[in-house]
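Protein chains in written order, with the working numbering: chain G, 4 to 256; chain X, 4 to 256; chain H, 4 to 256; chain E, 4 to 256.
For chains that are exact copies, the list does not tell them apart, and a pair is met inside one copy or across any two.
Subject to a maximum C-alpha distance of 27 Å in a straight line, what follows is the list of computed DSSO-like cross-link-like pairs (lysine-lysine):
no. : residue 1 : residue 2
1   : K45       : K80
2   : K14       : K179
3   : K184      : K149
4   : K184      : K48
5   : K211      : K135
6   : K14       : K115
7   : K83       : K48
FYI, nobody ran anything at the bench for these hints, they're computed from the structure.
Protein chains: 4
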Amino acid sequence: MEDIQIHFLEKPQLEDPVFVQGLPGIGNVGKLAAEHLKDELKAVKFAEIYSKFFPPQVLVLDDGLIRLVQNELYYVKRGKGRDIVVLVGDYQGLTPEGQYELADFVLAELRKLGVQRLFTLGGYGMGRMVAKPRVLGAATDAALVKEMETHGVVFARGEPGAGIVGASGLLLGLGKLHGMKAVCLMGETSGYFVDPKSAQAVLEVLTKVLDIQLDFAELEHKAKQIDQITSKLREVERGEEPREGKEDLGYIG
Amino acid sequence: MEDIQIHFLEKPQLEDPVFVQGLPGIGNVGKLAAEHLKDELKAVKFAEIYSKFFPPQVLVLDDGLIRLVQNELYYVKRGKGRDIVVLVGDYQGLTPEGQYELADFVLAELRKLGVQRLFTLGGYGMGRMVAKPRVLGAATDAALVKEMETHGVVFARGEPGAGIVGASGLLLGLGKLHGMKAVCLMGETSGYFVDPKSAQAVLEVLTKVLDIQLDFAELEHKAKQIDQITSKLREVERGEEPREGKEDLGYIG
Amino acid sequence: MEDIQIHFLEKPQLEDPVFVQGLPGIGNVGKLAAEHLKDELKAVKFAEIYSKFFPPQVLVLDDGLIRLVQNELYYVKRGKGRDIVVLVGDYQGLTPEGQYELADFVLAELRKLGVQRLFTLGGYGMGRMVAKPRVLGAATDAALVKEMETHGVVFARGEPGAGIVGASGLLLGLGKLHGMKAVCLMGETSGYFVDPKSAQAVLEVLTKVLDIQLDFAELEHKAKQIDQITSKLREVERGEEPREGKEDLGYIG
Amino acid sequence: MEDIQIHFLEKPQLEDPVFVQGLPGIGNVGKLAAEHLKDELKAVKFAEIYSKFFPPQVLVLDDGLIRLVQNELYYVKRGKGRDIVVLVGDYQGLTPEGQYELADFVLAELRKLGVQRLFTLGGYGMGRMVAKPRVLGAATDAALVKEMETHGVVFARGEPGAGIVGASGLLLGLGKLHGMKAVCLMGETSGYFVDPKSAQAVLEVLTKVLDIQLDFAELEHKAKQIDQITSKLREVERGEEPREGKEDLGYIG
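Please build the complete structure, drawing on both the sequences and the hints.
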């Protein structure tokens with residue numbers, strides 16, 4: 004079996020598309036943001052990626068049907084060199100070696116699609132509740148840093164101190180070796196909950212950069228649900244009995 | 004050394020056989036069910052699968068002889084397109100990559116045998132004692148879901164929520180990519196003990212689907228042994244001294 | 004880099020040699036026994052095996068020189084079809100896959116040397132102190148079981164229940180697939196200490212089987228050291244202050 | 004993707020260079036020493052090594068730019084057969100197999116550069132504070148042991164007892180198989196903190212061996228910072244409130 008397989012549903016012709024990636028990670032910020040983007044832009048799925056670097060697992064959908072865990076590629080045609088390719092997925096690679104192989108594989112596919120510019124989305128764990136999340140950045144070259152700063156992205160000295168671990172970082176690092184321009188946008192988040200508010204902050208930057216109009220109602224709705232959960236938890240911590248809705252405590256990814 | 008080796012004792016000619024798999028897992032439900040099926044149908048072993056994805060281990064049999072841990076393929080000839088191939092074994096692959104390789108390997112062998120339809124058997128851990136286990140299902144296409152429902156299989160919204168991990172799920176997921184029709188039948192089980200009762204529930208569905216008559220005396224006997232053990236355990240939990248048979252507390256797989 | 008490398012110091016011509024292996028394991032019984040055998044028989048080292056399946060480690064010898072961790076092959080020429088090949092080493096493979104690869108590699112070398120018969124030595128952990136260790140056996144065929152029984156080897160129903168994990172078992176399991184005759188001899192041992200007494204019990208069987216005379220003074224000396232340590236430990240457990248020799252508490256392998 | 008990639012910035016012509024390596028490890032002694040050496044000698048970077056055996060991670064520099072984690076090769080031209088190649092890096096290989104592959108890869112590059120003599124630098128964990136660190140050694144041949152002893156290196160019987168684990172040891176062990184002469188210099192260190200003082204002790208030996216003049220001001224400055232931290236910690240242990248500077252408690256690598 005090949006380590007990584009890609010199944011194309013369609014081979015789109017795109018004009019110098021930019022690439023946006025959001026996978027599960029801290030606060031699920033990247034995944035929430037990228038999925039909201041592809042949903043709102045009615046992006047079209049054109050490829051599925053399977054790999055033995057993912058868990059040996061199928062997901063069971065509500066109709067009783069299964070599908071193998073995967074990453075998915077979508078496209079958005081906007082013309083005038085503003086097409087978009089979005090990668091979302093159930094998992095990142097499980098092992099360091101798998102992470103490298105997957106990032107390298109995705110970059111090879113992106114080069115075939117004519118992608119020159121990458122945006123990877125993620126969360127930046129603060130270890131405390133964040134009222135108004137800033138969006139931190141890291142990039143492959145100085146011009147990009149400047150451009151992103153004009154859109155409110157914060158490039159803070161020594162942040163993140165531990166660097167960026169996982170697919171979001173690796174695409175930048177390996178992409179840079181291939182001459183690609185790439186930015187990682189990280190929404191501040193507590194790290195304790197999935198964080199639709201942080202995902203929205205990231206998307207607000209990205210939509211300015213890409214000149215996109217997005218409706219955020221869905222993310223705001225999810226953010227409210229999370230807010231209710233966290234305030235209930237705070238009540239519990241203060242020794243108060245929450246009266247209802249414990250069953251809401253699901254992981255909204 | 005090859006990653007996976009298959010040693011054929013015989014190369015059977017089968018008519019459009021269906022495939023049934025049961026390997027160690029939650030409550031050992033799948034393994035108990037598949038082994039009972041092959042024992043009662045006097046299935047004939049025709050191949051042994053060895054792999055470095057299994058533990059580096061030999062088993063010692065009662066006569067002092069050893070055998071390498073393995074998976075085994077059996078066939079049952081019933082004619083009229085109703086032949087059966089059964090896979091049982093000592094272990095699943097130890098690593099995610101090993102799980103993918105093994106599932107892919109088995110699917111390749113099944114295609115050579117003309118298999119188009121797969122049944123994987125397993126347990127569904129409830130985290131509580133289950134008096135009358137239901138059989139939950141997941142399948143590769145909607146027609147199969149409907150067919151299974153007529154045999155009492157439950158396709159519950161959001162169950163199992165975490166999907167199906169391991170060989171039972173992977174055969175469905177990878178099989179679907181190759182156009183095979185596959186169902187996973189999962190017997191509800193506490194997850195605390197091996198569960199012959201759950202295995203019987205799964206087999207009762209499978210025998211209806213495959214139109215097989217099976218004697219369940221052996222499984223019922225094992226179920227009684229487990230019942231005795233669990234009631235003794237409950238006595239101990241209630242602070243009562245069990246009077247006998249602590250030595251019965253073995254793992255009956 | 005190759006996964007496994009063998010460096011030959013010499014290419015011995017041997018007459019139908021038998022093979023004896025003892026590697027680190029429970030109570031270090033196998034390693035102690037095989038090293039005592041090769042020392043007493045003044046066996047000649049003829050090959051060193053390096054592998055990336057061993058730890059990334061060098062050992063520092065007393066003269067300040069290093070050597071890479073390794074397995075070693077020795078030969079003993081006794082003529083008349085009674086030559087012996089001994090494998091000892093610093094480590095077993097670290098991963099299941101490494102264990103399989105190493106066992107397969109060793110078996111290929113043994114076939115080139117004309118080996119048909121294997122003896123793997125190990126310990127059998129009892130979880131309690133053992134006054135007079137028995138030697139348990141497991142074998143690839145029934146004739147060997149019988150032969151070993153005449154030398155006092157015990158083939159106990161259901162022992163070891165968990166089978167034999169690691170190199171000692173794998174050489175039997177993989178050797179059997181290649182038509183080799185193989186026995187694993189396991190000395191009972193507590194599993195808490197290295198156990199020269201158990202190693203001696205194993206060697207007493209092996210010397211009868213191979214018709215060898217061995218001096219056991221060195222093993223008996225080590226056994227006494229261990230006895231002193233364990234009696235001191237028992238004093239400590241009983242709340243007595245041991246008066247001397249805490250510095251003896253080393254791991255004598 | 005290749006397991007290990009090397010990107011050359013320059014292909015230097017060197018005269019019989021010696022090789023010095025210092026990577027992260029106990030007390031970060033080796034890394035501190037090798038980086039100080041290359042900084043003070045104004046060594047020139049000529050190659051970067053990337054590998055999927057490193058963590059899937061990019062580092063974020065103070066200007067907001069990223070770089071993939073890597074190992075780096077520098078050279079120092081001193082002429083007269085006294086050229087130096089220095090390897091420093093962010094990480095060692097994550098897995099045993101990765102460690103072997105990386106060491107083998109580096110040795111192949113060193114052979115191309117004409118390197119015959121290796122110095123690997125590291126720390127030797129004592130488990131207690133060390134006022135005046137000695138430098139322990141281990142080497143591939145007896146002549147090197149003697150030579151190093153004239154420079155004050157201690158070759159202590161049975162030290163280090165567990166051998167040398169990781170890149171420092173492996174380069175010696177694998178280098179020896181290729182006929183290279185190699186020494187590992189290990190500065191004694193507590194193992195609790197990064198230890199610039201121990202790094203300096205190691206470099207004081209190395210500069211004598213290689214006939215180099217080095218300024219140690221920078222290392223001494225770092226050592227003072229660490230001393231301040233550790234004395235504050237001792238105050239805390241004694242129950243005293245440290246008055247300032249808790250924020251100094253960073254890991255200075």
